[in-house]
Amino acid sequence: MKRQIQVAVVLIVLGGLLTTAAFFMSFYTASVQRFGTYTAEGHVDTVFDIAPSSEQVAGGVTYGRPWLAQKIFYFHVPVALASFLVFTIAAIFAVMFLIKKKKSYDTRSRLAVETSLIFTLATMITGILWTRASWGVWWEWEPRLTTYFILMILMVAYFVLRNSVSDEERRATYAAVFCIIAWIDVPISFMITRLIPSSHPVVFQPGMDVTNLVPFIAAMIGMLGVGYAVYMLRAAEENAEERLDMIREKLEA
Amino acid sequence: MELIHPTNTELYALVLHDAPFVIAAYGLLWLMFCGYVTFILVRLVKTDKQIALLEDAVAKKG
Amino acid sequence: MSDFALEIENLTRTFGVRKALDGVSFNLKRGAFLSVFGPNGAGKTTLLRVLSTLAAPSRDSSVKVLGYDVVEDAVELREHIGVISHNPLLYPDLTADENLQFFADLYCLENPKERIDELLEAVELTHRRLDVVRGFSRGMVQRLALARTLLPSPELIFLDEPYSGLDPHASDILDSLIAGIREEHTFVMVSHDLEKGLSLCSDALILARGKVVLFEAAENIERDEFSRIFREAVGRGVS
Amino acid sequence: MQDERALPVSRKISSWRQFKAILRKDIVMELRTKEMLTSMGLYAILVLLIYYVALSQAGQGFDVTRIAGGLLLLAIVFTSMLGLNRSLVHEQDQGCLEALLLSPIDRPIIFFGKAVGNLIFLLLVQVFVVPLFYFIFLSGGMATEHTGPWWMVALALIVTSIGIAGVGTLLATMSVNTKGKDFILAVLFIPIMFPLLLVAVAALSAVITGDPEYVRIFWTMLGAAAVYDVIMISAAFALYEFILGA
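So the protein sequences, as listed, match chains A, B, C and D.
Going by this note's numbering, 243 is the number at position 243 of the first sequence; the sequence numbering is gapless.
Going by this note's numbering, 39 is the number at position 39 of the second sequence; the sequence numbering is gapless.
Going by this note's numbering, 198 is the number at position 198 of the third sequence; the sequence numbering is gapless.
Going by this note's numbering, 82 is the number at position 82 of the fourth sequence; the sequence numbering is gapless.
This is chain A alone, in the form it adopts within the complex (with noise of 0.2 Å):
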């Protein structure tokens, strides 16, 4: 266990330096990107141009006003694909409960679904600042936006599901089945942006620069590491409870 305390901590500090090059990289040696352009064609572009109103001219060359708000690119999509990824973990260990239906996968299902609410909540801190700075607003209900709370809803249900029944291997059971359920948004909210107009921007897509591909893969494992830590420390202490009902038991018998 203490092993595992350690290897948490170590994990946090290495994704926290990770991402804090990432997000310096994304300053100093990161290309602007050109999603869409930014000439003086007045060609709209689908990442930026959302206020046209204070687009700024600069050496003859219109540009979009949130340059700086993109650099958000490199931590916000890396916490929100977390999220997803550690979601679709939960679903998989739900999966495998039912099957087994040994406690175990339960519990790792459990801790999943609560590493990926707090990843939930970054992203949405994170993005609530973002549509600040890029669309002057700090909420707009847009496809990604929408499926994305509701996401944050449906894990909320899952631990209100889980607290309102009281026996054990019941709870695990339907826990399991709605997180299944609730799984079902993760491919919707990722794949929505790319179906149908949205204001919220597809920035990864093929013919990403390599200057901006390096600081979001190291972000994006950086995240990760963190992601696994906080789910690491959460099965220390699981693990630590356990024991305590056991040596309880003990003292009972």
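Derived by calculation from the structure, the hints in this document are not laboratory data.
A couple of the hints might just be wrong.
Ranges between beta-carbon positions, derived for each pair [to be verified]:
1) B:Cys-34 <-> C:Ser-164: 29 to 37 Å
2) D:Pro-108 <-> C:Arg-231: 28 to 36 Å
3) C:Asp-22 <-> D:Gly-180: 28 to 36 Å
4) A:Trp-141 <-> C:Ser-137: 53 to 61 Å
5) C:Arg-134 <-> A:Val-156: 38 to 46 Å
6) A:Val-156 <-> C:Asp-117: 52 to 60 Å
7) A:Trp-141 <-> B:Gly-27: 26 to 34 Å
8) C:Asp-175 <-> D:Glu-35: 35 to 43 Å
9) D:Gln-92 <-> C:Glu-183: 47 to 55 Å
10) A:Asp-245 <-> C:Glu-216: 30 to 38 Å
11) A:Thr-88 <-> D:Asp-93: 54 to 62 Å
12) C:Arg-134 <-> D:Pro-108: 39 to 47 Å
13) D:Ser-14 <-> A:Leu-195: 40 to 48 Å
The C-beta atom is built at its ideal place from N, Cα and C for all residues, glycine as well.
Since the structure of chain A is already known, use the hints to place chains B, C and D on it.
Leaving out everything else, chains B, C and D in the frame of chain A:
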């Protein structure tokens, strides 16, 4: 390789307006992670204490 | 076809560290009446749920009821067992007739009308067959529940604390009903009531913390000794 | 290896007969008590009343058709939650679900039996609520003239109801076994249903407002709703057994 991409230098001069939001977002992100991790660690230490206490009791009993 | 109604070997059911049933093994002859005793949380209800296919035992257990494996042959087994519990398991807003008709359909009985007539006659509810169950007295409901259980003529009947919540009169009625079908059926009863359970049974089982404390034929049971063991089990089992 | 023992009462397991039995039982029970239909109907009327209050100060220029689709669906969602909860509380009350599980019935049949029953009641309530909604909100001066055909509205409502009944049956079976049944149902049901409601409202609104492109929007949205129904109901179908077994 120059440290700052030429396009970037030009652009940053224009749009420092968004900087507070981006930096706040990054800061809040890590504040949240750190807060959560500390929270878990505090709880862990508490549980450890409880375990030690109960194990003593078991040892005395046995 | 084996002579045993229940062949249970190493029946274990665990979830995490908690063991609801822990290595329970015993065999029960056909035609026997088994009473299962034990404190709360001893695993009585879990045992009944496993035997009636509602809960699965863990992988290394081998549980055969009437020669059917409770996991693999669950669907076939269900045709041969019945359950009477403290819950009537009847729809209060249906009439006696409709209730029985519904269960006859679930068991896909042929000639359900005749079978229902026969059973209503047997539990003396023919005159109330068109009345809604909601208006029935506790005793009548329990009689109808018995008719429902007997509908597919099961060989093995599980009684899940059938006396709890019954007044003395209704409990007498249930006694006589069980006595009437005692001969041709095998029974497994879970009960809190030591006296009642012992007076009816041919075999007795005491469970505590998911383990068998005692399994003995009724004629070998010494009352005082049995009560002592039971009390000890209760003392141990409270958790 | 099973020896074929002769049963004293002859029988031949037929899933169709079991399915019909569950459905008939639900309908007979409902016709006797009229509990679900009256409570759902009354609740729907109350929701419409509240709508009137909400819209009472909207003024003359307000075009109610623009939000009519959403209002209608909202009323249906709320009443359906009431009905779903009731339908499974009936099974739970006297332990009847256990009796169902003890009979030689394949678990999916229980799911289809209950879900089809719920769908029938839902549609019955809608037969009553939708015309009422029309008379209260859309028949007056507020309505636009170029509304799409009503069979499209009916179709959209049917597709939505299928989704509600299918997933709702699964979720209600869970929620009746929890503390705070109806609250838990709402917490689970609304976010799960959210994508379906969104596309259903889009389809309904397009027809009701008579959008120039309503045919195209309607069929795209209805297609999305149908895909959602298929995915969700297959998931619910596959997972129902686990819920019953717990």
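Practice item. Of all the hints given earlier, name the ones this structure violates by number, lowest first. Key: 1, 2, 9, 11 and 12
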